[in-house]
Amino acid sequence: MAARALLLGALCASAVLPVHSFTSYDNDFVDPHYVLARNFNATTMLAQQAIISTAEQLATKGPWSVTFKNITPPSGDLHDYMSWAPYSWPDCSKAGNTTVLTPEQIWTTCPYVTRDGQFNPDARLVDDVGSFSDLADAVFYNAIAWAIDGQAAHAASAASFLQTWFIESDTGMNPNLNYAQMERGPSGQMGSHEGVLDLKCMAKIASGILILREGNATQWTADLDTQMKNWTTQYIGWLENANLAIQESKAANNHGTYYFNQLAALQIIVGNLDGARGTLDRYYKGQFLSQIAANGDQPLESARTRPYHYRAYNLAAMITNARLAAYLSYSAWNLTSSAGATVQDALNYAMVQSPGTESASEIYPDVAAVAAAYGDPSGTYASFLLKQAGTAYVEDPAFLWDQPLSDNGLVQVTPTSTPSFGAASSATASATGGSGAKTSAESPQDSGAGSWRDTGASILGAFVLAAGSFIYLL
Numbered sequence: 001m002a003a004r005a006l007l008l009g010a011l012c013a014s015a016v017l018p019v020h021s022f023t024s025y026d027n028d029f030v031d032p033h034y035v036l037a038r039n040f041n042a043t044t045m046l047a048q049q050a051i052i053s054t055a056e057q058l059a060t061k062g063p064w065s066v067t068f069k070n071i072t073p074p075s076g077d078l079h080d081y082m083s084w085a086p087y088s089w090p091d092c093s094k095a096g097n098t099t100v101l102t103p104e105q106i107w108t109t110c111p112y113v114t115r116d117g118q119f120n121p122d123a124r125l126v127d128d129v130g131s132f133s134d135l136a137d138a139v140f141y142n143a144i145a146w147a148i149d150g151q152a153a154h155a156a157s158a159a160s161f162l163q164t165w166f167i168e169s170d171t172g173m174n175p176n177l178n179y180a181q182m183e184r185g186p187s188g189q190m191g192s193h194e195g196v197l198d199l200k201c202m203a204k205i206a207s208g209i210l211i212l213r214e215g216n217a218t219q220w221t222a223d224l225d226t227q228m229k230n231w232t233t234q235y236i237g238w239l240e241n242a243n244l245a246i247q248e249s250k251a252a253n254n255h256g257t258y259y260f261n262q263l264a265a266l267q268i269i270v271g272n273l274d275g276a277r278g279t280l281d282r283y284y285k286g287q288f289l290s291q292i293a294a295n296g297d298q299p300l301e302s303a304r305t306r307p308y309h310y311r312a313y314n315l316a317a318m319i320t321n322a323r324l325a326a327y328l329s330y331s332a333w334n335l336t337s338s339a340g341a342t343v344q345d346a347l348n349y350a351m352v353q354s355p356g357t358e359s360a361s362e363i364y365p366d367v368a369a370v371a372a373a374y375g376d377p378s379g380t381y382a383s384f385l386l387k388q389a390g391t392a393y394v395e396d397p398a399f400l401w402d403q404p405l406s407d408n409g410l411v412q413v414t415p416t417s418t419p420s421f422g423a424a425s426s427a428t429a430s431a432t433g434g435s436g437a438k439t440s441a442e443s444p445q446d447s448g449a450g451s452w453r454d455t456g457a458s459i460l461g462a463f464v465l466a467a468g469s470f471i472y473l474l
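Sequential numbering of the sequence shown, starting at 1, is according to UniProt numbering.
Warning: the hint list may mix true and false statements.
Claimed, not checked - Label pairs and their computed distance ranges (CB to CB):
id, residue 1, residue 2, range
1, D91, P299, 19 to 25 Å
2, G409, N334, 26 to 32 Å
3, V352, A153, 31 to 37 Å
4, N241, G286, 17 to 23 Å
5, A153, F119, 35 to 41 Å
6, G237, K94, 27 to 33 Å
7, T102, F68, 21 to 27 Å
Unchecked claim - The calculated lysine-lysine pairs, modelled on BS3-like cross-linking and capped at a C-alpha distance of 30 Å, are:
id, residue 1, residue 2
8, K285, K250
9, K229, K69
10, K94, K61
11, K229, K285
12, K61, K285
Just so you know, the hints here were simulated from the structure itself, not pulled from any lab data.
None of the values given here were measured: they were computed from a predicted structure.
Quick reminder that beta carbons are idealized off the backbone N, C-alpha and C, glycines included.
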């Protein structure tokens, strides 16, 4: 027993795990009309520079593929997406008389138990989840960077990464999540419904594709567009009909919220806008009604082991659903739960709670997004961000699309500060965010829910979350 415990501890301590050092928001959807109009407020120049820098950094990390993992799924097909449940831990006390078990024996013969909120580090030994997170960010940032400065390399990176992950015969992912968040052990060799959450950032993928498609980027070819739609159509079929996906669609907490993020974004990619509206309508007439109490609390998230994190995490998903809805001309920001509370009420409650041992920074992107959507006439949200994050909030990429939002006079604008656009685009777009989210001034694009960046001495300031880690805190 002691030997087995020592072996497991050594395995977790010594494993060489993949590292993802760039910042990632929990989820994002940016209206392509807003970024393609390029009518950005001058105070967003630092955010524009951060986007371009992040895009260039991510471009050096790809490509990514499910076939690059070192552990084969139970199907025997590396093209199947695979991940291990993050909170599952082995109990090898009844694994027989063997004194030392190999890692493979532990994964297959020891029963696994769930410890909510306690991340098992060896879950990262299979890192399709981290790879997809990196892919989504790379596509997202490179597409926006292309819209800002017109450099063909950005569009080429985004298109190439999508081709590798989804389309190429040697590296493409099978359109299912049958082996996502496997619990492991004798009875855990299939995925769990919670694994559907792994691909929640399809909303970022959708943003990137729409920007390239509607911006007429030459790198986004008709053939690639067709193949991407074909793959997405097949995956939508799995997401709507597979038993695991159906179970996830019924989840009342953040899992359900993110399920509707994902499905609506996929339907937008294939051009099924009516279907996407119907998907979001299901959410607002279903899970949303019970997610926010009259005082703004999110009881299902507050009941978890890390309430500050989970409130911010579900807020990010609710904000993303509202952004997707706005793109579809479906007005959602002022919809209320059964208790009469809005997303803004949820944010107002969450932002004044003590973070405890959690990072207070998790709420910052939600604050910025809500300020842009509902307005900030008294400067409450901008003042909160200034006090809590300092200069970081105007240096963060999301400040570009979380507009209008005051910069508190932090940005000193010079005539040569803003990146110049170097490639023509025929896209016609609104000068504002175009999301349909009404404020007292105009209709902005809202985005940014997740983590803020902290790169030490660089201008990117306040909070870093090793990308890939956030996705395990579910």
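Evaluation of the provided hints:
Between D91 and P299 the CB atoms are about 31 Å apart, so this pair departs from the stated range of 19 to 25 Å. About 31 Å separates the C-beta atoms of G409 and N334, a value consistent with the hinted range of 26 to 32 Å. The hint said 31 to 37 Å for the Cβ distance between V352 and A153, and at roughly 44 Å that hint is violated. A beta carbon spacing of about 18 Å between N241 and G286 agrees with the range 17 to 23 Å that was offered as a hint.
In this structure, A153 and F119 meet the distance hint of 35 to 41 Å, their C-beta atoms being roughly 36 Å apart. Checking the proposed 27 to 33 Å range against G237 and K94 shows it is violated: the Cβ atoms sit about 40 Å from each other. A hinted range of 21 to 27 Å for the beta carbons of T102 and F68 is consistent with their spacing of about 23 Å. Between K285 and K250 the CA atoms are separated by roughly 13 Å; this keeps the pair inside 30 Å, and the hint holds.
Proximity of K229 to K69 is assessed by CA-CA distance (about 25 Å); at most 30 Å being required, the pair is judged to hold. Between the alpha carbons of K94 and K61 the distance comes to roughly 42 Å, so the proposed pair goes past 30 Å and is violated. For the proposed pair K229 and K285, the alpha carbon gap of about 28 Å is at most 30 Å, so the pair holds. Using a Cα cut-off of 30 Å, the hinted pair K61 and K285 is violated, with the two alpha carbons roughly 41 Å apart.
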